[in-house]
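Colleague: The primary structure of each chain is shown beneath.
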Amino acid sequence: MSAILPLRLEGVSFAAGGRTIIPRLDLTLEAGASTIILGANGAGKSVLMRLMHGLLAPSTGRVVWSTEGPRRRQAMVFQRPVMLRRSALANVVYALDAAGVPVGQQARLAREALQEVGLSHVAGRAARVLSGGEQQRLALARAWALHPEVLFLDEPTANLDPGATREIESVIKAFDVAGTKIVMSTHNLGQARRLGDEVIFLYQGRVAERAPIEKFFPQPASPEAAAFIKGELPWA
Amino acid sequence: MTAHWIFADPRLWQIVGLSLAVSLSAVVCATLLGLPLGAAIAVGRFPGRQAVIVVLNALMGLPPVVVGLFVYLLLSRAGPLGELGLLFTPAAMVIAQTILIVPIIAALARQAVEDAWREYEEQLRSLGVQGMHGALTVLWDIRFSLLTAVLAGLGRASAEVGAVMIVGGNIDGVTRVMTTTIALETSKGDLPLALGLGIVLIAIVLALNAGAHLVKEAAQRRHG
Numbered sequence: 001m002s003a004i005l006p007l008r009l010e011g012v013s014f015a016a017g018g019r020t021i022i023p024r025l026d027l028t029l030e031a032g033a034s035t036i037i038l039g040a041n042g043a044g045k046s047v048l049m050r051l052m053h054g055l056l057a058p059s060t061g062r063v064v065w066s067t068e069g070p071r072r073r074q075a076m077v078f079q080r081p082v083m084l085r086r087s088a089l090a091n092v093v094y095a096l097d098a099a100g101v102p103v104g105q106q107a108r109l110a111r112e113a114l115q116e117v118g119l120s121h122v123a124g125r126a127a128r129v130l131s132g133g134e135q136q137r138l139a140l141a142r143a144w145a146l147h148p149e150v151l152f153l154d155e156p157t158a159n160l161d162p163g164a165t166r167e168i169e170s171v172i173k174a175f176d177v178a179g180t181k182i183v184m185s186t187h188n189l190g191q192a193r194r195l196g197d198e199v200i201f202l203y204q205g206r207v208a209e210r211a212p213i214e215k216f217f218p219q220p221a222s223p224e225a226a227a228f229i230k231g232e233l234p235w236a
Numbered sequence: 237m238t239a240h241w242i243f244a245d246p247r248l249w250q251i252v253g254l255s256l257a258v259s260l261s262a263v264v265c266a267t268l269l270g271l272p273l274g275a276a277i278a279v280g281r282f283p284g285r286q287a288v289i290v291v292l293n294a295l296m297g298l299p300p301v302v303v304g305l306f307v308y309l310l311l312s313r314a315g316p317l318g319e320l321g322l323l324f325t326p327a328a329m330v331i332a333q334t335i336l337i338v339p340i341i342a343a344l345a346r347q348a349v350e351d352a353w354r355e356y357e358e359q360l361r362s363l364g365v366q367g368m369h370g371a372l373t374v375l376w377d378i379r380f381s382l383l384t385a386v387l388a389g390l391g392r393a394s395a396e397v398g399a400v401m402i403v404g405g406n407i408d409g410v411t412r413v414m415t416t417t418i419a420l421e422t423s424k425g426d427l428p429l430a431l432g433l434g435i436v437l438i439a440i441v442l443a444l445n446a447g448a449h450l451v452k453e454a455a456q457r458r459h460g
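Those protein sequence lines, which keep their order, are chains A and B. Heads up, the first sequence is in our numbering, so the first residue is 1 and it goes up one at a time. Heads up, the second sequence is in our numbering, so the first residue is 237 and it goes up one at a time.
If you are wondering where the hints come from, they were derived from the structure by calculation, not from laboratory data. Incorrect hints may appear among the rest.
Claimed, not checked - Partial pick of chain A residues on the chain B-facing surface, computed with a CB cut under 10 Å:
no. : residue
1   : 54
2   : 76
3   : 94
4   : 95
5   : 126
Claimed, not checked - Label-pair distances were calculated between CB atoms; the ranges are:
no. : chain 1 : residue 1 : chain 2 : residue 2 : range
6   : B       : 293       : A       : 79        : 47 to 53 Å
7   : A       : 26        : B       : 288       : 38 to 44 Å
8   : B       : 450       : A       : 26        : 44 to 50 Å
Ideal placement from N, C-alpha and C gives every residue a C-beta, glycine not left out.
Generate coordinates for the entire structure from the input sequences, incorporating the hints supplied.
Modeller: Written out as structure tokens, the structure is:
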């Protein structure tokens, strides 16, 4: 299977309802380093990830993967996961089926994925009655089963308590170790430090700064990023 | 003539049986047609979609006698389907009631699926699920909520008199159902039979709705 990365955004803009959310953007994402997308509310983080994932079509420009037909090789986990009214296991099986995995392999892959996120004990339970943290881990299991080359995460822990957040973070690390490229937006700067290798900082739909994580936080190069870090960490 | 005598009358139960057979058959047919139709309109994006929704909603108020007339013309000896010989049979009544309630089930399903689709769309598209596959996934996922749409259809079918009167002909022992009997017996002055049937009709509709409500509640607790 040939790699779908690098992903290139060429002159991408996005407008909706007469409002320009992303004016014009050129960006390349390589395999390997985990990328954290930071920015204030409304900076265009969610839109950018949806453009990359293919949920939104750019108004102008192109989103180009290095090989065509990338659908199965990328997955996305949303802030609020949507589970179907069936068991946890059946939700993972559904995703595998939608991705065209042969029926004979679906149950085994789904069980492995639940095992990976620590949800084997609730495999038979209705997905919608699981806790918020468990549902988010189930969303990660659904992605894990597909063994994606790229995983997009849109503020995956925004609604979760610290315990559930820790569990989600450890699963995200496991994806990274398994070789999946992580592209995640977050408001949690501690989380950005724990999981990220590089930061893309968005300001009003533009990339104001892109830097390795160990450089970005102590010495942000752009005034916007400096103000943002200061605002998020008022004691710093 | 006492009420006791009325409920012991085998004619009454024969009429009740035929009513249920006709209306339930019509509901099954209309559900099989109406749910996928409603879901397709909910999820589909095609030119004239808004007009289709307006027409579909308007058709919920289709007058039963007009549907009866339409099916009568279709099935009458000189009509396009006259050769089937279905006029004045229970089959003709099922056809008329199906036409009457497909718009009800489709319109209510369209609304329910469209509301749910807002929640599901991104997630399903992210998983590579599109079009009719997505519509059917949502349809199945909200199947217990759709019971309400099906019940609305059943209520309409079991309560209407105009369509079955015209295409069935109200033939004693063949196409006589509860509503046509009530209309006939009332005009003849046999009020106890009419009243007895009225009570049975309301009891059946109530029982079916109660049953559906319990199923829905149980499903809600189990699936969330």
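Colleague: Double-check residue 126 of chain A for me: the hint is only fine if its C-beta lies closer than 10 Å to a C-beta in chain B.
Modeller: 5 Å, holds
Colleague: Minimum Cβ distance from residue 95 of chain A to chain B below 10 Å?
Modeller: 5 Å, holds
Colleague: Tell me if residue 94 of chain A is really an interface residue toward chain B, meaning its C-beta lies closer than 10 Å to one of theirs.
Modeller: 8 Å, holds
Colleague: Are residue 450 of chain B and residue 26 of chain A spaced within 44 to 50 Å by their CB atoms?
Modeller: 59 Å, violated
Colleague: Against chain B, with CB atoms and a cut of 10 Å, does the hint on residue 54 of chain A hold up?
Modeller: 8 Å, holds
Colleague: Against chain B, with CB atoms and a cut of 10 Å, does the hint on residue 76 of chain A hold up?
Modeller: Because about 5 Å separates residue 76 of chain A from the closest Cβ in chain B, which is inside the 10 Å limit, the hint holds.
Colleague: Could you say whether the range 47 to 53 Å given as a hint is met by the Cβ separation of residue 293 of chain B and residue 79 of chain A?
Modeller: Given about 34 Å between the Cβ atoms, the range is violated.
Colleague: Quick one: are residue 26 of chain A and residue 288 of chain B within 38 to 44 Å, going by C-beta?
Modeller: 42 Å, holds
Checked against the numbered hints listed earlier, the structure breaks hints 6, 8; every other hint is satisfied.
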